[in-house]
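Peer 1: Heads up: the protein sequence lines correspond to chains R and S, in order.
The opening position of the first sequence corresponds to residue 669 in the numbering used here, with each subsequent residue numbered one higher.
The opening position of the second sequence corresponds to residue 204 in the numbering used here, with each subsequent residue numbered one higher.
Please keep in mind that the hints were generated in silico from the structure rather than gathered at the bench.
We put the CB at the ideal spot given by N, CA and C, even for glycine.
Misleading hints may appear alongside valid ones.
One-sided and incomplete, this derived list gives chain R residues near chain S with beta-carbon spacing under 10 angstroms [stated by the list, open to error]:
#1 Pro-785
#2 Gly-791
#3 Ile-927
#4 Val-934
#5 Gly-982
#6 Ile-987
#7 Phe-994
Calculated lysine to any residue pairs in the SDA-like style (CA-CA distance at most 25 angstroms, straight line) [said to hold, decoys possible]:
#8 R:Lys-1018 - S:Ser-295
#9 S:Lys-390 - R:Leu-993
#10 R:Lys-1005 - S:Ala-298
#11 S:Lys-285 - R:Glu-995
#12 S:Lys-390 - R:Phe-994
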Amino acid sequence: MRTIFKTSYDPDINLFKDRFHRLCYAALCIVLILFPFFLNEYFIGELTLTLIWAIAGMGLMILVGQSGQVSLGHSAFMATGAYSVVILQSKLGLPFIFALPAAGLISALLGVLIALPTTRLHGIYLAILTLAISVLVEDIIVLAEPLTGGVNGMFASDIVIFGINFGRYSNIANLYWLVLFTTILLVLVYKNILRTPIGRAFASIRDSEVSASAMGVNVVLTKAVAFGVSSFFTGIAGAFFGHFATAFNYETFNVIMSITILLMIVVGGVGSIHGAFFGAIVITLLPVLISFLRDFIFQGTSINLMAFPGIETGIFSLILILVILFEPRGIYGAWLKTRTYFELFPLYRKDMFRRQKSYLKTERLR
Amino acid sequence: MEILQLIFSGLSSGCIYGLIALGFVLIYKATEAVNFAQGDMMMIGSLSIISLTSSTALGLSFIVAIPLMLIIMALIGFLIEKIFITHITGESQIAIAILTIAIGFGLRFIAGVIWGYDPQTLESALIGTYYNFGELVISISEVLVIVTTIALTLLLYYFFAKTKIGVAMVAVSQNQLAAYYMGIPVKKMQSLTWIIAGLLAGVAGFLYSAKSSVDPITGLLGIKAFAAAVIGGFGSLPGALVGGLVVGLVEPFAVRFLPVGYSHLMPYIILVMVLIFRPHGIFSQTYSKKV
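With the rest of the complex left out, here is chain S:
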């Protein structure tokens, strides 16, 4: 029964990693850039939902607050793309990566100014609610996390596989110039990608705040989500979710069965191992280059 409990808590935290990783993969799939600020965007989402609903700040109900937060996050994604990313379209991946690292630092600073560095928690009836199935204790927020994540992944998978816009986004990432020739509005596609990434960060942020307390440093969770994205292969949406679940599942077991201090090394060790033995992840999408 203890094993089952560990699996369950692993699944729910794995879903959070998976959601952040989905944000990475989405932007990578559509613009071939890696957004190092995704974790920080999630942190902004968490803190804004906390402020919107907290009785000491705005005190809105969840039905108003969640759409409002999602609009804010979409706007943040849109603005980041419009102000910064468009200007270096077509530059090397590394330049964009460094730019997003800087944006991440900036977001952390802004969050620090607005919210301070004390951890904050979501005020909600959801948090304290638990159901007991025999010895297994399931909190409602964990169920919420798992269900939302699976639904979102399926939705995004369908979006990229079947819809016209999704396919156009993939085309943009594979060859910008050719996409231009095919009449795809490349810049609009990029904006759209970042808006969706912002929304994803918002959802991840909300779910994370339902599980634990948040402060501006929470954004560094993004590094663990990298492990998730890499394990899944950077270009694969279901892969990101699987990677997130692997990282999430390994963690509680490592805490339980490994000596203190070694347990939180595990995600990174897995990451390094995957990169050494399967450099492009388990769901590999790489083909050999023709000269």
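Looking at chain R on its own, in the form it has when it is part of the complex:
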């Protein structure tokens, strides 16, 4: 157990708790950067995908975990990001390095446009509204055929920055480094937002809107900003997703994808950046694990799991149900408990993370 002796207010808001903490993350970064040198292309591809999902997860985490608004429509922002980055490059001829942030900004604009008229909505109503919007965006993509290619979808050409190729199939290691760089940048942005006044306003409206407005927080503005930042992140993730998939159409970004992103951060652990990453790892590891398991079971018992279509979603929903029932704070919560157990050994008590029993009260009498 390391104790920090605080002599000023700075340690409370420092990005890293102490030198050890900083070393750990530096080591992690170095390992991540070195991966392409000793892994094959398949794994690098999977890692890239994990990072892309993690960016999308961070986007939703800002909304759900930090400002307490639930969105079931984040595939809409993924789609906006993916389509606008390709359209900006092919139709307007912008280089990728400008098209990427522009795509993020377009998504953010869409997010703010959705958020402004709907700030009166709470919890479940907002979830349903965003669900409807994700269905709508899917259809609008088909209708806006001249721009989006309609049902046929679009092709994303290789990313080229300053003459260096970052193609999915030609240069996956470069693409990986590019995504990794962006991810680290966005993690830093996320971390820093949390320690600005607006970040604390997010937390205050998450915990109680009434008290937040009593403390002088502009609830409407804060919610809109949260939506904007969240959809900016998700738009960036979508832009990379489009280039990673190389070809995509309206069906790529369906309702199931929005639900998957939400489920991902719940499994990972709502309210922490780690959660987004853990969730992303689960999402990308699962198909690999299932195919491994399938071969294993097939050899042992000659039961063919291939005979069950959709087994991925089946297993994923099972994991999700178990997580919500037994570890509501997700994988990150489990990790926190284990770490505390070893840090405090042998003083850890079972009740340390126990949550207060709460009783339901109607939200209609808000």
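Put chain S on the given structure of chain R with help from the hints.
Peer 2: Chain S in isolation, oriented as in the chain R frame:
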């Protein structure tokens, strides 16, 4: 006459949406949770009635099959509540919503394993029967849908307004702790709610299968039923039916009068509009919070 025909087909599909929406509202009214798996429960009901009556599977007659299916659906509702929902009683709405989304995925997977992904239709004498009134063609299954839905809505409305158990269920939703203090068996009420929701899903499933073919993806119809529930205001039973009828009526007219591709956007556009301008539905039940 064409308008009348459109109205009639709209009414009957609106009743299906209304029935699913009734399931949402029922659970929302009694436990303040939103059951995203309601559409998938309906799908299970449809597929099981099809299997029970199909001559290639069990081949039971409707008099045996319908009660059997309803028992299965009540059991599914009961089990979902007993195994999953009780454990997170009192958690935030969102946690329960996410749990039911996962349960919905699970049900879809199970249905896919049992029935496969091919669309199936009900074998029944009802389906092909039509009556002609002048130019108006009315199928008997559509009449069945409308009559059953109206009867069920009235029954449920009476249940919540007049019976002791119904009022107790409303009390549980408004304040669990206070309901405990008043001696209401909160957990039993919750079980009962889910059983009724299962039954409703069963009825909706049967009626839906009488109208069109069913596959595991049919459960996604639940999203349209959300539109119905929201338009009616989530806490109002007659509102859910009205909302369902609005969505059902808008659809055939949109198909008829709007260009291709725009028509099935309409339910969602209405949903978004209602949420923006009347955030708690037309039959609003929200009061301002006192600090």
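Peer 1: Decide, hint by hint, whether the structure agrees.
Peer 2: Hints, one by one, checked against the model:
1. A distance limit of 10 angstroms between C-beta atoms decides the matter here; for Pro-785 of chain R the minimum to chain S is near 5 angstroms, and the interface restraint holds.
2. Using the Cβ-Cβ criterion of 10 angstroms, the hint placing Gly-791 of chain R at the interface with chain S is satisfied: the shortest such distance is roughly 5 angstroms.
3. With a cut of 10 angstroms, the hint placing Ile-927 of chain R at the interface with chain S holds, because the nearest CB-to-CB distance is about 6 angstroms.
4. Among the interface hints, the one on Val-934 of chain R holds; its C-beta lies about 5 angstroms from the nearest C-beta in chain S, closer than the 10 angstroms criterion.
5. Given hint, Gly-982 of chain R at the interface with chain S, holds; its Cβ is 3 angstroms from that chain's nearest Cβ, closer than 10 angstroms.
6. Evaluation of the Ile-987 of chain R hint against chain S yields a held restraint, the C-beta minimum of about 9 angstroms falling below 10 angstroms.
7. A hinted interface residue such as Phe-994 of chain R counts as satisfied when its beta carbon comes closer than 10 angstroms to some beta carbon of chain S; here the least separation is about 8 angstroms, so the hint holds.
8. For the hint linking Lys-1018 of chain R to Ser-295 of chain S, the alpha-carbon distance of about 23 angstroms falls within 25 angstroms, and the restraint holds.
9. Distance restraint check for Lys-390 of chain S and Leu-993 of chain R: the Cα-Cα separation of roughly 17 angstroms lies within the 25 angstroms cut-off, and the hinted pair is therefore satisfied.
10. Our distance criterion of 25 angstroms between C-alpha atoms is met by Lys-1005 of chain R and Ala-298 of chain S, whose separation comes to about 21 angstroms.
11. Distance restraint check for Lys-285 of chain S and Glu-995 of chain R: the Cα-Cα separation of roughly 18 angstroms lies within the 25 angstroms cut-off, and the hinted pair is therefore satisfied.
12. Of the pairs offered as hints, the one joining Lys-390 of chain S and Phe-994 of chain R holds, with about 20 angstroms between alpha carbons and a cut-off of 25 angstroms not exceeded.
Hint violations for this structure: none, all hints satisfied.
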